[in-house]
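Number of protein chains: 2
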Amino acid sequence: MQKENEKNSKAITEAFKNLQDSICLALEQADGLGKFLEENWQREGGGGGRTRVLSKGNVIEKGGVNFSEVFGEVTPMMAQKLQMKEGNFLATGVSIVLHPHNPHVPIIHMNIRYFELEELSGEKVYWFGGGIDLTPHYVDEEDAYFFHQNLKDVCQKHHSDFYPKFKIWADDYFYLKHRQETRGIGGIFFDRLSQYENLGKEDIFAFVMEVGNSFAPIYTKLMAKNKMKPYTETEKQWQYLRRGRYVEFNLVYDAGTKFGLETNGRTESILMSLPPQAHWLYNFQVEEGSKEQQTLEMLKKGISWV
Amino acid sequence: MQKENEKNSKAITEAFKNLQDSICLALEQADGLGKFLEENWQREGGGGGRTRVLSKGNVIEKGGVNFSEVFGEVTPMMAQKLQMKEGNFLATGVSIVLHPHNPHVPIIHMNIRYFELEELSGEKVYWFGGGIDLTPHYVDEEDAYFFHQNLKDVCQKHHSDFYPKFKIWADDYFYLKHRQETRGIGGIFFDRLSQYENLGKEDIFAFVMEVGNSFAPIYTKLMAKNKMKPYTETEKQWQYLRRGRYVEFNLVYDAGTKFGLETNGRTESILMSLPPQAHWLYNFQVEEGSKEQQTLEMLKKGISWV
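First to last, the protein sequences are chains A and B. Each step along the first sequence adds one to the number in my numbering, with nothing skipped, and position 30 is 15. Each step along the second sequence adds one to the number in my numbering, with nothing skipped, and position 79 is 64.
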């Protein structure tokens, strides 16, 4: 049963597109040099997307801010992967990954998404998902506090459960089991959220949009604060190794990446998340007491940053 | 029913260790500078391995020649992943990946493995697997012919079905579905081979060892032939992009890598296969008529190289 005033998918799609626009604008402004190049693509079966990639900016070395809206029949492969019934689906979202030049500027990822399904029986289901997480090459506790405090504020406006719940979810999700490391300092992550206690579809949508709208102010502040910091060749090499870990996470664990590659998604849009370059050294060990070691010690689940 | 003279696992393990030794020696000689550094590791639950990695040689930039022999109880996770019954297992093998400096020297991979299982019912099963495949950054048809002809000769000595069967298997296995590209020019691949027509365990083992022993002469010849070829910055950049594809294959598809990471294998030994560095450019397109385009056109299944 839907309320009359509940957002329909067209309104959600429009809001996501506008968010993509406003984030691109804010990032270009903060970068000062790089411009997003847009590619429009169509999906066989229904829908398509606007992939926007910025390369070789002043601050951002490589990054993407992608919008997509795909729809059509649920294939048996999709039904199995997403553990859902067959029918007609619509999926729309905004996905961002930014890799900065300076190792003192963190990598960031944001995604918000909406999914709806009309099952063969006629029953309709929908859900939202999303999250923001930060992957500093060097963990700066002040930045970590700022980041988590902002996310907490966004969550608190909607439900007091959200930040603690979604913070733990992010710790669990952005985790490299084979490294026993979190990808970074986490953030928030949530999935299959259609309602929550007294919050309905409109309310969840408002929360999701607030997460999306928090992205640009948070990240442009971190860019501005750190972009001029000098760095050494050692720090640059460490950044390349950390980018290697980012590649490992995205190709081995990331659910969106795996699902996209398995269901014939648009490869170049999905893999825009990969860094411009990454390094692997066999069994690299950080020096005792080094900044690199301090960072590794903070790539753990369950740290309270605020 | 086993014949009295059939190889037991101890003899297989010894042969694999000796093969590791002889390959390392041959590669060090061919490289002229690099030396393998060895690390011995133990597996909780039974067994361990000898990881040998060579970095910054004359010809080889980064490579590993690993031996392992692990045994113990089949965990429910293993049973599920390998689609087999529970019991006590032993798995031993030699795995090699070499990333050369010069983009005109191909990347190579070799693996031979033996697996045996005593099921809870007392029934014993075993099988061999293995393969060699070549990933040139630029496909050289003369090298491709040489490579496949050698593998064909090795196979022909054992069974006339082997080369055609295992060549197709390699084309299918070393395939990046999301790129619609083979990883390189293939080679041979086989798995779960315990007997074949009139060939029994001894015979299959002899075949597997011949595959293993063919590795050093084949690759050192390709090293010698190509290591002095001059290369441009464009060719070096292309090499980094091709290494990116190698990373994608290994982390998204490679069964050994996935299995190892999922079952708490030794991460650094498993991921020695990753290149020293790799690049990703958004939606990189090769130039019409370029050597890069010619190579892409040969990264297809079903090409008869001999």
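These are calculated hints, taken from the structure and not from any lab test. Please note that the accuracy of each hint is not assured.
Identical copies look the same in the list; a pair holds intra-copy or inter-copy alike.
[As the list claims (entries may be wrong)] With a Cα cut of at most 25 Å, we get these calculated SDA-like pairs of lysine to any residue:
no., residue 1, residue 2
1, Lys286, Met62
2, Lys243, Phe269
3, Lys162, Gly241
4, Lys210, Ala(-4)
Numbers of the earlier hints that this structure fails to satisfy, in rising order: 4
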